[in-house]
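Colleague: Using the hints, build the complex out of the two chains.
For the record, the sequence lines run as chains A and B. Residues 1 to 270, numbered by the working numbering, are exactly what the first sequence covers, in order. Residues 1001 to 1301, numbered by the working numbering, are exactly what the second sequence covers, in order.
FYI, nobody ran anything at the bench for these hints, they're computed from the structure. From the three backbone atoms N, C-alpha and C, an ideal C-beta is built for every residue, glycine too. Check the hints yourself; a few may be wrong.
[Unchecked claim] Simulated coverage check for chain A against chain B, where a stretch passes if three residues somewhere in it have a Cβ under 8 Å from a Cβ of chain B: (1) 138-152; (2) 250-259.
[What the hints assert, rightly or not] Label-pair ranges, simulated between beta-carbon atoms: (3) A/D168 - B/G1192: 35 to 41 Å; (4) A/R53 - B/E1298: 28 to 34 Å; (5) B/R1198 - A/T123: 57 to 63 Å.
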Amino acid sequence: MTRVLRPALLLLFAVLFLIPVYVLVVTSLKPFAEAGPQQAWSLPAHWSLAGWRSAWTTLRPGLVNSVKIAVTGSLLSAVLGSLNGYVLAKWRFPGADAVFTLFLFGMFIPYQAVMIPLAGLLTHLELAGTIRGLVLAHVVYGIPICTLIFRNYYVTVPDELVEAARVDGAGILRTYAWIVLPLSGPAFAVTLIWQFTSLWNDFLFAVFLGAPDSWPVTVLLNNTAGSGAVAVQYDQQMASALLASLPTLLVYLLLGRFFMRGLMAGALKG
Amino acid sequence: MSPAPARRRLRKSLPGLLLVSPSILAVGLFVYGLIFWNTRVAVSGRHDEVSPYGFDKGRDFVDLWHQPSWPGAVRHALLFTAVFVGGALLLGAFLAFLMDKGIRGEAGFRAVYLFPMAISFIASGVVWRWLMNPAPPERAVGLNQLFHKAGLGALANDWWQDPGWGMAAMALPAIWQMSGYVMALYLAGFRGVPEELREAARVDGASEWQVYRYVVFPRLRPVTLSALIILGHISLKVFDLIMAIAGKQIITYVPAVATYVEVFDRHDPANGATIATYLLVAVAVLVVPYLVWSVRTERVR
Chain A
1 MTRVLRPALL LLFAVLFLIP VYVLVVTSLK PFAEAGPQQA WSLPAHWSLA GWRSAWTTLR
61 PGLVNSVKIA VTGSLLSAVL GSLNGYVLAK WRFPGADAVF TLFLFGMFIP YQAVMIPLAG
121 LLTHLELAGT IRGLVLAHVV YGIPICTLIF RNYYVTVPDE LVEAARVDGA GILRTYAWIV
181 LPLSGPAFAV TLIWQFTSLW NDFLFAVFLG APDSWPVTVL LNNTAGSGAV AVQYDQQMAS
241 ALLASLPTLL VYLLLGRFFM RGLMAGALKG
Chain B
1001 MSPAPARRRL RKSLPGLLLV SPSILAVGLF VYGLIFWNTR VAVSGRHDEV SPYGFDKGRD
1061 FVDLWHQPSW PGAVRHALLF TAVFVGGALL LGAFLAFLMD KGIRGEAGFR AVYLFPMAIS
1121 FIASGVVWRW LMNPAPPERA VGLNQLFHKA GLGALANDWW QDPGWGMAAM ALPAIWQMSG
1181 YVMALYLAGF RGVPEELREA ARVDGASEWQ VYRYVVFPRL RPVTLSALII LGHISLKVFD
1241 LIMAIAGKQI ITYVPAVATY VEVFDRHDPA NGATIATYLL VAVAVLVVPY LVWSVRTERV
1301 R
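Next up, chain B with everything else stripped away, as it sits in the complex (with noise of 0.2 Å):
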């Protein structure tokens, strides 16, 4: 390469790169630069506040599964996920399904299933709450007085504080927040499908459902996906919602709410960054081959 293109090529590149460089370095530092630290605090050892950072070779790490609250917090963060993310897409698709052919009031309807997703979870948590209050009959309010008093008391039950499957309650909350959201994704994706593919479909004798079943719900799928990324990642992050329903009870722990009890409660820094480097793996291992992946189909488009 000679000598003259390099240099128009670089007088060329240089000024977007020094008009974007404050942002690539407050990225780089505050993004890659912090994740490496927090990786050091989480290998320091440094269990209390005014020890100084040693190497423990990646023990907390182990050990962490040893402490009486971890292998719980890690599978009330799976069974949210579970109930969450399956149930926000299984509305959201419901929803948008019931809308695709078009209704009368449609922006009424769309306005009310996304207006939960403008509230912050901690206003939300305020009312359900409420809702999910577990009291006894005479004391209780929310979902279970009505229960009772429409005679259905077999349902009313302890919501979020039951032992067993009260995380599956606390992602009641989420799913009203966030179908809306997946409701409006997929209804772009209904409406993305081409009219002429829908009536190919019919003319070659296709009822309505197989016209769903093999023309339009095929090409839904990177709807799924991005829906699926985006629950995936605001699920292993739930914090806000737990802490404001919950607070830091044992038994809706979860690792996020987990990071913040070990700095502020237990002011042990390594294991909070041990648990903070986990979530970071567990959201990277969902996210990073979605990105390369649309970065990558976008430039061959």
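With the rest of the complex left out, here is chain A (with noise of 0.2 Å):
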């Protein structure tokens, strides 16, 4: 009874999860004409690439500008984070714990609770409305979940090995390039990927400390959205919606296995 029961149940659940998946897909591949109210569920009559050209036409500078704040912040997070998991895990000092708890709770703030002064503060940098302002937000609040993450497994690489090369002489840097950095290829790919996908799905920072020249896709996907004073043009909403997922999308398929364990450090003891 179960043996049939359990799968059946799975396979149920993936089809609900899977709908949403069916509407985007099919919906972007259908002419304006079709994709009304009259055959919203059904597959399309003629194909047509229309929603996707249109969207990517809309939504080109975004996702120029998402690459650039995706891409440098999450590269700068990581340094960070492996420097401060490093010292955090293996060079501690007196308050270690009190600061890492400390960073910790910066991981569970909501952005809301200091995004007004922060604009501000960014208009006196002259970084208000730029992508440098913003990669500098992200990195700076991403602090928290990188070092976690790094600290967790810098934690699991024997004591020994750092304690040899102290011996040795070799000081605290020496440490880390010689013997910390050339371990750290897995974690570097968790935190990579894990940032990468935050920083690309913001939409918060974006609005508050962005202007339309640095506004990231999700800015300007939804924006999309319209006024309802046309009829909403479901083909091209669909088709961006997509397309600004492709890059997130692509590293969890191809990456899946990091991704995992990104989402488990996010659970500090997983």
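Modeller: As structure tokens, then:
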């Protein structure tokens, strides 16, 4: 009985989970005339790429900005996270636990609670509305999660390795470069994927701190929602949503293994 | 303490401190400094963008409750949180339970349940706006049309535009996005229960259900706690999803959206900062005990 029931239930939920994907893909490939309510759930009678073409034209500036923000931001975050995690795991100082706890709280804060003064601060630094300003914000608020991932990874590196290098007279940076960095590949993969995904999907920072020139793809996508005055161009909207999600979906499909580990790190004690 | 070991200890810990100090400064300024400054704005009584900063002794924290949109926003956030956290937790745990014993095609199932997490709330908002379209039958797209076609017209409803239960519908996309994550957490939890323990209970004559009830589930409490904290803080902060599906409509107004509206539409920094402070307190009450507990138990281990 349960041998049939379990897979059947799992299959049912899988189908339910995939309904939005069906809608996205099918609607995005319909010509505008078919994308209305009449044939909402049917397959396209005529396949069309018009929605995708128009999505590409609308979103392109945002896609460029998102690439710049997410790539730069996640690289810088990973470097900082690696150094911090190394110190907090292997080169501890008095009060290291307190610092770590204070960092972790920064991971959970609602960013609304810093957004108003942050916008003012970025204006002072002449970074308001710029890509550099957004990258700065993402990197700073990414410090907690990146530090956490690296620290938890480095804790598993045997102390003896680091001690041996120290006894040989290597300083903190040389020990890092010789011993720790070469072992850090998996943690870098997890952090880069995690940060890339969250930076790419960010909307809050972008609307509070961005400007039309620096808006990432999420803001442009949200702006295509339209006013309701004209018939909604569902074909274009669905194509836009898919186009805006392709990079993170590809990362997830190709590197899902590391994506999972990043998720677990987010749970502190996964 | 003699000076020599103290100096040695300093020499040992100084390089580490130096290397982390840029991050300490950054987090200190951007997290704690700005939280302080935000609280300063909240009590400034500065309800437009030109007045100087004053001090209203925290009156805005009280006045806020008399504003027409605020109590509704709190109620919406609580209803959303209850449905989203409860729904994602139950669905995620149930999926993990179904997969616990191993199943053919497990990797595929996992991938399907988890992929929504890789998508932004904005993008999933586009498709869920379509799915939860409340238009009447002749113009309806989405699930309402599907219900009508399947002869289940009675199921068609106003979704998030329902004045009473709209926020429960709003939680559906969030459940879709996050329950795979909960599933992954629980699956790791299930698999972490040693097989010998289950076997021992079976030898003692426990039924398969009793094995779960008395051996497996009690060991999942830490997982449940982690999942609760993570879902809870996401839920209190929900912003993107609501902006994508409903925008700034009063019917789905929540504190996170309210901050945005106060700052950008009503140009009232004090109110925006007050709401943000309430949000912060709500999250802190949830998270701080958990953080202290995690770091402490880890040190003991």
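Colleague: Please go over all the hints and tell whether each is borne out by the structure.
Modeller: Structure-based check of all given hints:
{"no.": "1", "hint": "138-152", "verdict": "holds (count 5)"}
{"no.": "2", "hint": "250-259", "verdict": "holds (count 5)"}
{"no.": "3", "hint": "A/D168 - B/G1192: 35 to 41 Å", "verdict": "38 Å, holds"}
{"no.": "4", "hint": "A/R53 - B/E1298: 28 to 34 Å", "verdict": "53 Å, violated"}
{"no.": "5", "hint": "B/R1198 - A/T123: 57 to 63 Å", "verdict": "60 Å, holds"}
Of the hints listed earlier, the one the structure fails to meet is number 4.
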